[in-house]
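Generate coordinates for the entire structure from the input sequences, incorporating the hints supplied.
Single-letter residue listing:
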Amino acid sequence: MANVTFPFPFPANMEILLPEIIIAVMAMVILLFDLFVSKEKKQISAWLAIATCIAAAITTVNVTGSESMMTFYGFFVQDYFAAFTKLLMLAATVFGIILSLDYMKEETNIGEYYALMLFALLGMMLMVSATNFITMYLGVELMALSVYVLVGYQRDVLRSSEAALKYFILGSLSSGMLLYGISFLYGTTGNFDFNLIGEALANSGDSARTATLVGMLFVLAGMAFKVSVAPFHMWTPDAYEGAPTPVTAFMSVGPKVAGFAILMRILVDAMPALEHDYVTVLLWMAVLSLAVGNIAAIAQRNIKRMMAYSTIGHVGFVLLGLIAASPEGYAAILIYMTIYLFMTMGTFAIIILMRRDGIQGELLDDFAGMSKVRPGYALAMGLMMFSLAGIPFLGGFWAKFAVIAAVIDAGHLYLGLAAIMFSAIGAFYYIRVVKYIYFDEERVAFNFSDNVLMKATVALTSIIIVVIGVYPDPVMDVCRMALAGLV
Amino acid sequence: MGASYLANEYAPIFVFILIALGMGAAPLVLTMLVAEQNPDDEKLSAYECGFEAFEDARMPFDVRFYLVAILFVIFDLETAFLFPWAVVLDQIGIFGFIEMMLFLVILLVGYIYAWKKGALQWE
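So the sequences go chain by chain: A and B. As numbered in the numbering used here, the first sequence has no gaps in its residue numbers, which increase by one up to the final residue, 487. As numbered in the numbering used here, the second sequence has no gaps in its residue numbers, which increase by one up to the final residue, 123.
If you're looking for bench data, these hints aren't it; they were derived computationally from the structure. Remember, it's a predicted structure, so these values are computed and weren't measured experimentally. Do not rely on the hints blindly, as some may be mistaken.
Straight-line alpha carbon distances no greater than 25 Å define the calculated SDA-like cross-link-like pairs of lysine to any residue that follow [said to hold, decoys possible]:
hint, chain 1, residue 1, chain 2, residue 2
1, A, 105, B, 113
2, A, 166, B, 60
3, B, 116, A, 107
4, B, 117, A, 154
5, A, 166, B, 59
6, A, 41, B, 60
Here is the structure:
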């Protein structure tokens with residue numbers, strides 16, 4: 001962080017903020033647009049939001065150079081790593097908006113909905129570009145506050161409001177823990193900047209070790225809440241079940257990508273001196289997440305709840321990459337996140353298609369006999385489930401392979417074996433869905449809405465999962481390249 | 001950074017705590033000594049925006065109270081930001097000026113939104 005002299009000079013390299021500026025301005029434009037147009041035209045805000053994301057994606061690619069660039073006196077960084085994770089989040093948002101098109105049609109104030117999605121996206125993009133705890137916290141809160149409202153968007157539906165309230169209360173608690181931890185780290189190092197904290201910790205030896213560890217623990221716990229790592233996962237099933245399904249899809253990818261990206265930055269830049277300590281903590285978190293996610297999911301009859309536990313299990317796998325604490329591990333996290341994005345969006349697209357004539361279509365029973373009516377969707381759902389389970393030669397297999405290989409390389413053989421074991425347990429509940437689709441009799445009439453964009457989403461995500469499964473090298477190469485800014 | 005450093009850094013805060021305690025205690029002590037005492041049950045009962053002080057907590061509560069309060073917080077904070085900004089405006093230059101204008105424009109968007117949604121009307 002450069003020393004700032006008065007009067008403030010204009011920050012250099014402000015152009016790297018362009019994607020964020022586009023999103024911020026367009027979110028406000030959509031908010032106002034919704035107020036001034038007639039009811040029939042409100043759906044336009046969805047298309048404006050999609051156009052915004054595409055424009056932001058193009059500018060993100062354009063402003064990113066091979067050198068990492070800073071602006072706002074070193075408070076904001078743009079490098080390959082930030083750009084890559086931003087593209088993932090932009091893709092998650094575009095998918096989220098497409099999934100919302102039909103689902104949210106009957107809701108009033110639809111412009112607010114898309115504006116909130118863009119604000120959440122802005123928060124996430126700010127997070128992954130943070131170089132210090134202040135910028136990071138700003139992004140975390142902008143994201144979290146927007147997502148709380150999105151979860152409770154159907155405010156006349158009781159379970160939606162309940163989910164939002166639970167999520168809000170636990171989320172605020174976690175923000176408090178995060179801030180408390182940051183204050184400890186500031187106390188022992190006198191800095192908010194990740195790199196300067198890293199230097200201070202490396203040079204301080206064992207002085208103030210207890211306070212530093214307390215700070216590290218609280219920061220990890222606060223972030224673990226946000227990415228629903230056990231034992232901080234309690235809000236996840238309720239929030240996932242109560243939220244409108246497109247929001248569930250959005251929040252199971254976007255905030256996770258942002259959370260893990262910033263965790264990587266914190267651990268790599270600020271805490272290399274504490275590697276032994278944070279690995280010990282993350283190790284138990286990973287084992288717990290794997291166990292809770294994969295075992296509790298078996299008991300779920302509601303597929304959104306099942307996907308919530310599935311997320312907990314998957315973040316357990318992602319944690320393995322952090323535990324490996326090596327470039328391979330971090331690359332594996334990016335690979336995992338990329339593949340997870342497509343698997344999740346495809347799955348939720350099909351879940352949304354199940355909603356019909358007053359049936360939510362969220363129970364496992366609702367999927368019974370789908371293969372006879374719509375073999376295409378049934379095949380796609382089958383692919384998604386096999387991929388999530390990690391069956392070889394689908395995308396999900398390479399995601400799991402990469403993290404487990406990295407963690408075994410780093411010397412945690414037993415953890416790798418435990419992950420493989422839990423993956424095998426988890427395969428049961430994914431494959432059970434396939435059993436319902438292919439081997440059970442149809443119980444309720446299917447009546448799929450045939451939105452062409454939804455069809456395209458299902459087709460695109462299925463194809464990507466298969467292509468990555470057969471030929472994963474290009475994705476892996478891109479992910480390794482994206483690490484250039486980080487390590 | 002020894003004990004003396006801490007003492008020097010935090011001495012003003014200690015003084016501040018003492019003054020705050022004094023400011024809090026003074027009215028209570030002074031009224032006991034100086035003012036005319038005329039005790040009454042009603043004077044001791046809690047007062048809260050025209051609600052009965054003791055009744056079922058699960059009663060419908062007009063959400064407009066909350067709306068007004070939250071709008072007040074937003075625009076009150078705006079003032080809280082504007083004041084220090086105005087004091088140092090000559091030092092922070094044109095960049096600081098533009099920053100604050102952006103902040104005000106963003107708040108203005110919120111204001112238009114609240115207005116158009118009817119959050120400012122009591123009826």
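In rising order, the numbers of the hints this structure does not comply with: Violated hint (a single one): 6; every other hint is consistent with the structure.
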